[in-house]
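Just so we're aligned, residue 1 is where the sequence shown starts under our numbering, counting upward by one.
Any given hint could be a false lead.
Stated by the list, open to error - Heads up, simulated EDC-like pairs for lysine to aspartate or glutamate below, C-alpha to C-alpha not over 20 Å straight-line:
no.: 1; residue 1: Lys217; residue 2: Asp83
no.: 2; residue 1: Lys194; residue 2: Asp214
no.: 3; residue 1: Lys194; residue 2: Asp213
Unchecked claim - Derived CB-CB ranges, DEER-like:
no.: 4; residue 1: Ser190; residue 2: Ala126; range: 40 to 50 Å
no.: 5; residue 1: Pro134; residue 2: Ala80; range: 42 to 52 Å
no.: 6; residue 1: His39; residue 2: Arg145; range: 47 to 57 Å
Hints listed in this document are in silico derivations from the structure and should not be mistaken for laboratory results.
Only a predicted model underlies this, so the values are computations on that prediction, with no experimental measurement involved.
Every residue, glycine too, gets a C-beta built ideally from N, C-alpha and C.
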Amino acid sequence: MLFLAKSAGRGWPAGVGLLLGTGGAATAQTPPPATPVRHVVLADVTVRGQRPQAVGTYHGEYIRGVRPLTPGQRCVVWLASPDTSQRFDLRALTVPLHQRYTAGRLHISFYARGTGLELLGAPLSAPPVVVAPPDSIAKRRTQMRLDLRPAALQLPAAGVYVVLECLPTFPDETYLRRVAVPRRAKKDGSTIVKPYILTRRGTDTTTIWTSVDDFPKLRQSPAGYTASTWMRWGPTLPYRRESAQSFRGKAVQAFDTVLLLELQPR
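All chains should be modelled from the sequences, with the hints used to inform the complete structure.
The following block contains the structure:
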């Protein structure tokens, strides 16, 4: 029902009354009947997870200097097991690089600890990983991550030696020697030289000159007085452990080549 009220002699008022009615008694809404609550008791389930672990030679910071790796040289890094009472599988290996390399191939293999005076023991039963120059990664401050799960390698009880070696760019390329070419003289009388790697392909007698800057450059981190990195500067030379040297002119440090090895507990 609608009712409009009008004041006498004053026209329509400022406010208009509005009355609404249903014409019948209002009906109250009845709530639905309560549904009984059912309690379901689940059985106790024990969940066991295996979280991957990682071991590496990064000691909190990088240094400006890098480790160029050219044909004929070999870098060996020792990575100890985080728990000698537990068995691990090798999951992935991360190799930080100073910049993208355009010459050479990285040859990566894994060895157990040697006996006696031998540094390297038996190689792990898997073919070495050969990485050609990558073209899709960033030019600077990059890294390579190698998936090792298809090889199904098991970490030895004590740890593993990761061996990084540089091969010529092509399989039929032969390393000849390393030469240093004088570029210009400084004001103090010293001469700036630029090193090159000389190679030759197949039966071609043409000598290929490649700058050392085009080969892989490994990142380094200060390790204190004891390093876990060895270098062999030639195929006939012995391995030499990275020794302490001047670091930023303030202290004596030994430098480690940075690697990160991801492990999967068994």
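Hint check:
| no. | hint | verdict |
| --- | --- | --- |
| 1 | Lys217 x Asp83 | 31 Å, violated |
| 2 | Lys194 x Asp214 | 12 Å, holds |
| 3 | Lys194 x Asp213 | 9 Å, holds |
| 4 | Ser190 x Ala126: 40 to 50 Å | 47 Å, holds |
| 5 | Pro134 x Ala80: 42 to 52 Å | 29 Å, violated |
| 6 | His39 x Arg145: 47 to 57 Å | 50 Å, holds |
Checked against the numbered hints given earlier, the structure breaks hints 1, 5 and satisfies all the rest.
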